[in-house]
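Start from the sequences and build out the full structure, keeping to the hints where you can.
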Amino acid sequence: MSLSSGRGPASLFIVYICLMWIGSGRVGITALTSTERLTSRHESNWAVLVSTSRFWLNYRHIVNTMSIYHVVKRLGIPDSNIILMIPDDMACNARNPLPAQLFNNESHWLDVYGQDVEVDYRGYEVTVSNFLQVLTGRHDSNVPRSKRLMSDASSNVLVYLSGHGGDEFIKFNDVEELLAQDLADALAQMAEKGRYRELLMIVETCEAATLLQRVSAPDVITIASSQKDEQSLSFKSDPELGMSLIDRFTYQTLAFFESIDIKSAATLADLFGTYSYEFMQSHFSYRMTNAALRPKDVKLTDFFGSVADIRTTSDRGPQDIMYHGDAQMGRYMAAYIDEDAPWDIDSTLMQPDMSNESIMMWKIFYTAPSPSDSGILNREAIRAWSGFMALCSLALYMLIAHIRMKGYRVNFFCAQTSWGLAPEDSSLVS
Amino acid sequence: SLMLQYIVWTAGLMLAIAVGCNAQDVFSEELLTAWVSPQHLLVHFRFDQGTTASRLHTSFPHAIQQLASTLRLHAVELSLTSGRWRYTTWGRPLVAVTPVGAVLDASLRAGLKPQALIAHWAALVNALSGLSCASFSLLHDPTSISGGGISLRQLLAPTTGNRSAEGPVAGGQRLRAMLPHEPLCTENLTPWLRLLPCRDQAGLASLLRHRPTVFGAEYVSLGLMLERHATPKGRRGVRLVQTVTLVIRTALKRAQQQQQAHPSAPGADLETVLGARVEHFCPPAMRSEVLVAEPDSPEGLFATWRTRSGGVCCESEDESQNGSCPLGDYAAAATTGTLDAHNTPGPVREPSRLLLPVMIPAGSPGFAVEAVSQALPALRRYDTLELLEVGDRALGLQLPYPHPQPSTQPHIAGVHEMRANGDDRLAGPDLQADRYVTGANLLHGAVVLRIQRSRELRARLEASQCTGWRGSGGAEGGGTCGSSLVCINQLFPWYVRPWMHTLTVLYDGQEVPLRPHLVAQQVRPAVQRSSPGVVDLCLRVPPAVAEVQLRVAFSKAFLTVFEYPPDAHRGFDVPAAVVSYLDPLYAPAVQWRVTSPGDVSGAEVVSSPLLSGLSAGPVKQVYTVGLLVPLAAPDFSMPYNVICLSSTVLAVYFGALLNLLTRRGCAAGHAAPERSKVSLGGKALQALLMLVLFSALALYLDAELRQHAMELLAKLGFPLEFKLK
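Respectively, the protein sequence lines represent chains A and B. Position one of the first sequence corresponds to residue 5 (our numbering), numbered consecutively onward. Position one of the second sequence corresponds to residue 15 (our numbering), numbered consecutively onward.
Calculated from the structure, these hints are not laboratory results. Glycine included, C-beta positions come from ideal geometry on N, C-alpha and C. Take these hints with a grain of salt, some might be off.
[To be verified] Residues from chain B shown here face chain A by an in silico Cβ test under 10 Å; the list is partial:
hint : residue
1    : H515
2    : P579
3    : V592
4    : M704
5    : F708
6    : S709
7    : L713
8    : M724
[Said to hold, decoys possible] Chain B stretches covered by chain A per the calculated footprint, using a threshold of three residues with CB under 8 Å from any CB of chain A:
hint : stretch
9    : 136-149
10   : 201-208
So this is what it looks like as structure tokens:
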């Protein structure tokens with residue numbers, strides 16, 4: 005008030021600048037919607053492959069993960085772009101009669117372990133916090149580059165999880181659990197930080213679909229091996245090793261990928277066509293948070309293969325963008341005009357992207373409704389109402405307590421003195 | 015003048031570049047094979063790389079150079095091992111043996127503040143975990159770091175000033191950490207091979223290409239040593255030593271029987287044993303050699319050589335210098351039966367030279383050769399390039415046959431004869447260390463370290479008591495020779511707390527007082543949850559003593575629930591103890607001489623990193639096997655958590671309700687008793703609110719309860735078909 009009355013024109017100017025600043029911020033926000041993200045170039049591929057089970061009896065979970073590792077490596081993703089988390093050593097385990105090899109089949113013709121392996125997190129390092137740190141990129145500064153997922157908004161990321169799970173959780177290393185909400189939050193954070201262009205997440209556990217049901221980040225495709233109250237069963241019992249070698253869902257996936265190469269045009273729909281309940285004894289499911297996408301539009305090599313079309317972004321100037329007709333030109337222009345507030349800090353940190361969020365919320369509700377959808381909605385409604393009720397009753401209770409406390413002020417003081425907190429009260433001392 | 019200046023500057027720059035180009039990368043690779051038992055073949059690879067360039071490397075790995083130049087370190091040693099060296103059947107190891115799991119040993123430059131030290135350690139551990147795929151990030155926190163203990167070598171080194179065993183190691187700070195449960199597999203070998211200029215595509219390293227053989231070996235050890243050096247010219251250099259040690263069990267028995275039936279049948283081929291072939295030579299290698307240990311005693315070979323050269327024609331120095339004295343078929347003459355088996359297949363294909371470990375008397379190095387060292391075998395040396403020229407994209411290297419008898423010390427004369435006579439006491443190794451835990455209590459226990467010395471070693475120590483090699487420790491010990499020292503280094507994790515007052519020492523089963531026998535000690539107690547305890551003891555053990563036992567009682571700590579590893583019921587690892595001792599057999603300096611035609615003293619001296627590593631001095635180290643201590647572990651099962659949480663919630667609920675219903679106003683007799691009475695209606699309202707609060711909370715938290723509630727409501731006839739519009 006005093007500011008505007010004191011120096012009128014100056015304050016008007018400041019208000020004007022503020023408006024300009026907010027306006028430029030809005031440009032940034034509208035440019036960050038999910039449709040824009042998809043038109044960005046696909047420049048790199050990353051894979052985070054995680055097995056969460058320890059102990060020799062869980063040989064098959066390690067083989068599951070190593071199978072996908074075998075696939076992505078064969079299709080050209082280099083070790084530097086693969087984050088592999090293996091909690092126990094199966095290949096060189098003392099109980100393994102076939103050292104330094106892991107097989108998906110008792111015929112022993114495909115060694116999914118291979119000659120060259122680089123495990124980034126192993127043993128006790130495979131923890132929920134390390135997994136979430138890899139996804140969100142919130143590492144300690146000392147962590148070497150080989151252990152980081154250094155993807156950006158032009159990277160397609162494949163995340164694969166295999167282990168023991170249940171309703172909305174997966175066990176890590178037999179001591180802790182990754183919950184569905186934590187996973188959904190990590191993916192949402194990845195989306196906010198622009199850590200992926202598209203993300204394909206595959207989970208092979210019992211009740212895998214429940215782990216993925218809370219994911220709401222944009223441009224995420226999730227594939228689950230089993231539904232709620234369903235188990236993800238093992239396959240291929242080996243008499244030499246004395247146990248099951250692999251799980252059915254991953255066995256089928258590996259079998260499919262063994263038939264394609266990097267030039268293949270196979271899509272997710274082709275992969276889904278090979279899954280059958282007769283073989284897997286569980287229903288697989290998929291979900292796409294981008295409503296426009298269909299399985300037949302998603303090429304498998306976009307996630308499992310490697311693109312060599314690389315462009316550095318460090319020396320990208322405004323001119324470059326003009327020449328190439330970049331859709332995000334507005335942001336660059338805003339950054340160019342407004343030097344004080346760099347667009348990146350502005351749009352990512354200072355102003356949370358609410359418009360994006362609301363769009364996503366609508367998408368979730370209107371994509372691929374499953375048969376039990378209305379039930380889920382009702383349950384969610386009950387949940388919301390019960391939470392509201394809890395809050396209300398707590399507030400009411402505290403209100404009553406407050407009124408009572410006011411009413412018995414004397415009583416309240418006497419309580420204090422009886423605990424000896426007010427020794428200056430002479431009547432009590434004497 | 016400007017032009018002139020320009021020319022001068024350019025010339026200066028060119029000169030600087032030219033000088034800089036003198037700095038270069040050096041790569042050398044060597045392979046040593048020896049039979050350690052009739053079925054077990056030791057294969058030891060050693061790759062040495064050195065550079066004096068600070069950048070623009072041709073073969074030296076840049077990551078290592080950067081690590082060495084950014085951190086203020088002297089040396090870093092990393093070893094990853096699986097399996098253990100079986101002293102009883104394989105005898106004393108030719109090469110250094112490491113304990114099971116991962117060991118990281120770094121010595122940093124002196125003068126680093128504690129915080130800087132920790133930062134250096136963290137950076138080093140992170141860099142190495144990226145370079146070796148081992149889970150070293152677990153070594154981050156200083157709970158696992160221990161300072162370097164007393165080194166027997168340094169204890170014996172003649173020092174003039176006051177030498178306090180308790181003081182820190184001079185010339186730097188040593189940090190050491192162990193992960194006893196770290197596995198070793200292909201994922202560790204892959205980044206390790208990347209540090210080699212030819213990886214496993216060419217050169218001797220391509221023998222490691224068949225991973226099942228490498229990791230199916232009974233003992234596998236992967237080593238990496240990084241050192242900073244100053245060259246004689248004052249230039250700073252970095253040295254990187256990579257080693258692989260394998261002990262492979264081969265199915266040679268049948269082949270051997272075949273060979274005995276038909277002496278001309280081909281024997282074991284090195285490439286067949288390893289399942290991989292060397293197809294190409296690695297071009298950057300300045301040295302690429304294969305050394306094959308002769309299974310026969312070097313003394314016999316030496317005697318033949320000396321009689322051939324000295325006895326026949328080399329009477330004077332001059333004639334021996336001429337080299338006119340042909341040695342002839344020394345090997346066939348020296349051995350009986352076993353050696354000519356491998357001489358017969360194709361003598362043309364063997365461009366080998368026989369090396370003998372010749373002892374140099376301390377007084378006059380290089381001349382007046384007395385004898386060969388009994389501690390080391392004779393080696394047959396092959397050049398890889400020559401082998402590859404002859405062979406068809408393969409080395410085609412035939413291994414000699416091992417001694418048919420199971421022998422522990424195959425290269426020591428006389429052992430086999432005594433074994434044949436039934437003297438079993440010689441079968442053991444020189445020094446054997448066992449360690450075990452006593453007591454099945456979850457709170458207390460005791461650990462026993464038992465060291466057994468063989469009769470041979472005791473005899474040697476006895477002999478060296480007065481005449482042999484003397485360490486400076488002898489002066490301190492009041493006339494006792496330094497050679498009778500035995501040092502023990504043991505690291506205790508903080509959750510295993512030894513009580514040092516219970517330490518008892520037994521010599522041959524008799525308890526002896528500790529103080530008179532103690533030469534040096536360094537005991538650092540553990541700090542709860544932050545650093546492990548270290549016990550270093552150096553004892554004087556008279557040569558007559560065959561068995562030393564150390565016993566110490568310990569109590570076990572309770573861990574909090576988050577400190578337990580996932581496999582808590584497996585037990586907790588206590589790292590291997592190190593026992594270092596002196597063996598007079600290894601005391602004399604050794605030169606490797608080629609048994610070329612000519613006099614013994616004039617023979618060509620060969621040296622290489624591996625050869626000098628073989629004769630590394632009299633201080634020997636023996637590692638015990640790992641130890642598992644069971645700690646009290648709670649039940650980690652899932653219901654545990656559920657029960658805990660739900661009973662807590664119920665307790666809070668009932669507690670609050672009970673409190674509400676039974677409590678009267680405090681100090682009822684003091685003031686306004688009529689006001690402290692709460693009306694019945696108010697209490698009922700509060701109870702109702704409490705009920706609503708907790709049931710709403712339960713509904714909010716539990717999806718299944720919501721489901722049930724919904725079904726119940728549907729049964730009761732409530733309309734539940736509301737939908738979001």
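- Violated hints - listed by number, lowest first: 1 and 3
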